[in-house]
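**Q** If you read the protein sequences in the order shown, they are chains D and H. Residue numbers for the first sequence follow my numbering, so the first one is 1 and each next one is one higher. Residue numbers for the second sequence follow my numbering, so the first one is 1 and each next one is one higher.
If you are wondering where the hints come from, they were derived from the structure by calculation, not from laboratory data. Quantities reported herein were computed from a predicted structural model and do not represent experimental measurements. Check before you lean on any hint, since a few could be wrong.
Here are the simulated distance ranges between beta carbons [unchecked claim]:
1. D:Gly185 <-> H:Ala327: 44 to 54 Å
2. D:Leu104 <-> H:Gln140: 28 to 38 Å
3. H:Trp143 <-> D:Lys75: 40 to 50 Å
4. H:Pro131 <-> D:Leu104: 18 to 28 Å
5. H:Pro163 <-> D:Ser87: 28 to 38 Å
6. H:Val707 <-> D:Phe239: 22 to 32 Å
7. D:Leu104 <-> H:Ser449: 48 to 58 Å
8. D:Val149 <-> H:Glu445: 46 to 56 Å
A virtual CB, placed ideally from N, CA and C, is assigned to each residue, including glycine.
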Amino acid sequence: MFGYIIRRILYAIPILIGVNLITFALFFVVNTPDDMARMQLGIKYVTPEAIEKWKIERGYDKPLLFNQEAEKLEKLTNTIFFEKSVSMFVFDFGRADDGRDIALEIKSRMLPSLAIALPVFVLGLIVYITIALLMVFFRATYIDFWGVVFCVALMSISSLFYIIAGQFLVSKLWHWVPISGYGSGLDAAKFLLLPILIGVIGSVGSSTRWYRTIFLEEMNKEYVRTARAKGLSERIVLFKHVLRNAMIPILTGAVVVVPLLFLGSLLVESFFGIPGLGSYTIDAINSQDFAIVRAMVFLGSMLYIMGLILTDISYTLVDPRIRLT
Amino acid sequence: MEKLVTTSWLLILSALFLSACDQNNWNNPYSVADAEKNILYNVFTERPKHLDPVQSYSSNEIQFTAQIYEPPLQYHYLKRPFALIPATAKEIPVVKYFDNAGNQLPDDALATDIAYSVYEISIKPGILFQPHPAFASNAQGHWLYHDLNEQELISVFKLSDLPQTGTRELLAEDYVYQIKRLAHPRLHSPIFGLMADYIVGLNDYAKVLKQADQELSKGETYLDLRDYRLDGVQVVDKYTYRIKITGKYPQFTYWLAMHFFAPIPWEADRFYSQKGLIQKNITLDWYPVGTGPYMLTENDPNLRMVLENNPNFHNEFYPAEGMPGDAENGLLVDSGKKLPFIEKIIFTREKESIPRWNKFLQGYYDATGIGSDSFDQAVQLVGQGEATVTEAMVEQGIRLETTVAVSTYYMGFNMLDPVVGGTNAQERESARKLRQAISIAVDYEEFISIFANGRGMPAQSPISPGIAGYREGKEGINSVVYEWINDQPQRKSIHVAKTLLAEAGYPNGIDQRTGAPLILYFDVTARSSEDRSKLDWMRKQFQKLNIQLVVRSTDYNRFQDKIRKGNAQIFEWGWNADYPDAENFLFLLYGPQSKVRNSGENAANYDNAEYNQLFEQMKNMEDGPERQLIIDRMVEILRYDAPWLWGYHPKDYGLYHSWYQNVKPNRISNNNLKFLKIDAALRAKKRREWNEPVLWPIALLLVVLAVSLFPAMAAFRRHESSTALRAPSS
Chain D
1 MFGYIIRRIL YAIPILIGVN LITFALFFVV NTPDDMARMQ LGIKYVTPEA IEKWKIERGY
61 DKPLLFNQEA EKLEKLTNTI FFEKSVSMFV FDFGRADDGR DIALEIKSRM LPSLAIALPV
121 FVLGLIVYIT IALLMVFFRA TYIDFWGVVF CVALMSISSL FYIIAGQFLV SKLWHWVPIS
181 GYGSGLDAAK FLLLPILIGV IGSVGSSTRW YRTIFLEEMN KEYVRTARAK GLSERIVLFK
241 HVLRNAMIPI LTGAVVVVPL LFLGSLLVES FFGIPGLGSY TIDAINSQDF AIVRAMVFLG
301 SMLYIMGLIL TDISYTLVDP RIRLT
Chain H
1 MEKLVTTSWL LILSALFLSA CDQNNWNNPY SVADAEKNIL YNVFTERPKH LDPVQSYSSN
61 EIQFTAQIYE PPLQYHYLKR PFALIPATAK EIPVVKYFDN AGNQLPDDAL ATDIAYSVYE
121 ISIKPGILFQ PHPAFASNAQ GHWLYHDLNE QELISVFKLS DLPQTGTREL LAEDYVYQIK
181 RLAHPRLHSP IFGLMADYIV GLNDYAKVLK QADQELSKGE TYLDLRDYRL DGVQVVDKYT
241 YRIKITGKYP QFTYWLAMHF FAPIPWEADR FYSQKGLIQK NITLDWYPVG TGPYMLTEND
301 PNLRMVLENN PNFHNEFYPA EGMPGDAENG LLVDSGKKLP FIEKIIFTRE KESIPRWNKF
361 LQGYYDATGI GSDSFDQAVQ LVGQGEATVT EAMVEQGIRL ETTVAVSTYY MGFNMLDPVV
421 GGTNAQERES ARKLRQAISI AVDYEEFISI FANGRGMPAQ SPISPGIAGY REGKEGINSV
481 VYEWINDQPQ RKSIHVAKTL LAEAGYPNGI DQRTGAPLIL YFDVTARSSE DRSKLDWMRK
541 QFQKLNIQLV VRSTDYNRFQ DKIRKGNAQI FEWGWNADYP DAENFLFLLY GPQSKVRNSG
601 ENAANYDNAE YNQLFEQMKN MEDGPERQLI IDRMVEILRY DAPWLWGYHP KDYGLYHSWY
661 QNVKPNRISN NNLKFLKIDA ALRAKKRREW NEPVLWPIAL LLVVLAVSLF PAMAAFRRHE
721 SSTALRAPSS
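Turn these sequences into a full structure, and let the hints steer you where they fit.
**A** Pasting the structure below:
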């Protein structure tokens, strides 16, 4: 298995280079270094000299991908792409355009993101699987039918609606929790309750249907018939046998997102004033801060690859037949 | 799994229980201990990029820096038109003029004779800087934190991790040091280019510093500006310094009221230049050091910024006089009392308007602006379009304060364009009539009513109300577009516009040379659905003249690029004044400021010889009747040439709770928080009243759960005990 992991990590390197290249190309198709300088320097009294000075200081005065005037290998290395990309592979994300260290910012914002994403993930998993199992338990009854209808209805509603309605009902009308904000320590609990609740409810429809489908598929398998033939109760069949055998598809969906939990949610963080990484990314896109965008995309890709590797490893834990070679 | 579910619910319930145990409302986003404290709760939407006074410029930065840094001058809080008064200076500096030979000239000397002007500024003695680690020293007088090593930096993550602080007296050399920083090679001052044209030697000084910075020995990061002399700025004595300006520039005194000219102690620059601190984001750009009423004690631009009273703040008192009506509005109640009134200001980052608005209504923010989505809920128009708060707001004791911003939103014509600008005399005349016709056709009164909820004032010229040079009433109207009827301006009929259009060579919108319909191009950065409505409205305005308006929508970068290269034909833009002088608006149409030719601020690339000559004359004059006559003539030229559709001056609407006092909003002076006052006890009482938790939904939820549990359990048991296959009925 160790060899497999090493191989997968090595595969990740060209993928990360590719992702970096695509991000770079997309960003600079829309923004030139001059645009970035203007965005940072403001719109009043910006002189061409100030723009040039800004570019030189941050290394944006060089060609983007290929330096025609440089010698030999420097044609590739003396470029914005090379200089901005190489350092990231040693996790040196550099400084944002406002001068702040990106790694420090990521570190400080990771916890607030995680404070919402982790409970939403864990609670969500429990709630969705429980509801899905109950629907399967009552399959082909009115409970299952109305459950599916309810799920479809929930899926049709935008997540923004849940946020606004949640804030309106729970915070504005009933005064149970603050509308937005964030605190440290135990004080954070009152700010996190509503976003977590909304995060869980927001995905009830789609996730429950997904898990219901997985369980129903399992229900038709031979081992379920054997279990029933043994005289086991439907509850034991479902919770003990079906749930365990459905773990591989559940893990495929669940484990892969675990590392991405660090990256936070753009919408929830924005509406609830949570100073997480989702909010950081959206601010960077709005202010055309390439250094942050690049770092966040790199981090996202890396965590996604890590999630895929973890998923593969988790298969071996739930299914002894699987070997990673 | 069962355990997990139980634990999660227990956690949620315990958190709710803990909140309920507060003698506070459950939805209070602040600490219980702060409930009745003298704290102002404010909002910021965008994280500030720079808090270094030499670099920051945008309003979201100045709201912090203006409370911390003190330039030598400031604006009177209550007087209008805006009047400069001393801040740390003993008095408003009296400018002296000199010729090339260094001989002093009389005050009324011609601007052409003046080689340079000298401002000598004396500051009040005894002013102290806020407590700061940069000033901390030991008994031997050695700086404690100027040479921090790696070991000492291990546990330092924010400025407050350095426990020792010190202070020292504000000196003239601190102001000189800051002016030198305008040219610092590692800083980007937005006004460097502008000031380099005026402050003697500043341009060369930048080159000297650049060279010196390159020659710094390896590992050295501090460039001590005291070692490099700047010709145009000089320390006269401990409390006096002198600034030498090329020629005559009366507007320079306004700049002396801006944070660019606030003092920076060399100790702070030295302290913050340490590499270890920079690596930890502890820089002067993020942790200001000032002499103002407040100091930044918490700096988390992602969540909240906290300003607290500067214990070393010098004596400053609430103004004793104001304008007529100020006394009636309670604005002189605190006359003569020591500033500031509020102990702490908490700025919370709130990116979305809905939570911001709701928290204001709950009493958790003391004031708010009004977004378009909450406008109808907050404001109603009564009588002759006068705005007032709605009944619901009155019940909560919320009041509305309005002020016309010193800003203008306009629609510009690119004068380099052959159709709307013209390339020869005949074309220019035709284009002028075309522009005049469009000026009449585009009904900005309707625009303000539909798209700005009435929050604006149709502009008669680029000069905003409240600025010296602005004319009110009949003599202030744009006679090309308006007529004075029944004591108010009335837009001319569309027939007048059509006649002008025909004279321009486009009868009924048809080019009489080619027979083709007239098509004009409007470059915008529109994105939202509201923008689309605005553009549809704009098309209809042009349609009144049978002109087809083609909208070219693009992103802001491309838009700016088009403007810079002169590729736009018609465009929309705006301007916020830096200081309350007509020059700061009229220079936007000064020929040498052309965007295309000189990368200036004249986006329309308007160039009129007479106007340029009058501008040069006007900008060097002191306010007075003579200057007013020149401004009148300049405005007249502009109205006739119509390089802009003058658009409108926006009105700022702000809502304030009853406990928020001494509010007189304006956009020119930014150091106003020291004048504001809060009745914290009243606020705490109102918050308790407005935010009682509503408990019936919890009871209802429990009942529903209990009621649904029984049939669910019954169904479950029935399902469990049922047979897999039913026996066929006989």
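**Q** Decide, hint by hint, whether the structure agrees.
**A** Here is how each hint holds up against the structure:
Our hint of 44 to 54 Å for Gly185 of chain D and Ala327 of chain H holds, since their Cβ atoms are close to 48 Å apart. Hint check: Leu104 of chain D to Gln140 of chain H, Cβ distance near 34 Å, so the stated range 28 to 38 Å holds. Checked against the given bound of 40 to 50 Å, the beta carbons of Trp143 of chain H and Lys75 of chain D, roughly 48 Å apart, stay inside it. For Pro131 of chain H and Leu104 of chain D, the hinted distance range of 18 to 28 Å is satisfied, since their beta carbons lie about 25 Å from each other.
Between Pro163 of chain H and Ser87 of chain D the CB atoms are about 35 Å apart, so this pair conforms to the stated range of 28 to 38 Å. Against the hinted window of 22 to 32 Å, the Cβ-Cβ separation of Val707 of chain H and Phe239 of chain D comes to about 26 Å, which satisfies the hint. Between Leu104 of chain D and Ser449 of chain H the beta carbons are some 49 Å apart, a value that agrees with the proposed interval 48 to 58 Å. Separated by about 52 Å at the C-beta atoms, Val149 of chain D and Glu445 of chain H satisfy the suggested range of 46 to 56 Å.
Going through the hint list in order, the structure satisfies each hint without exception.
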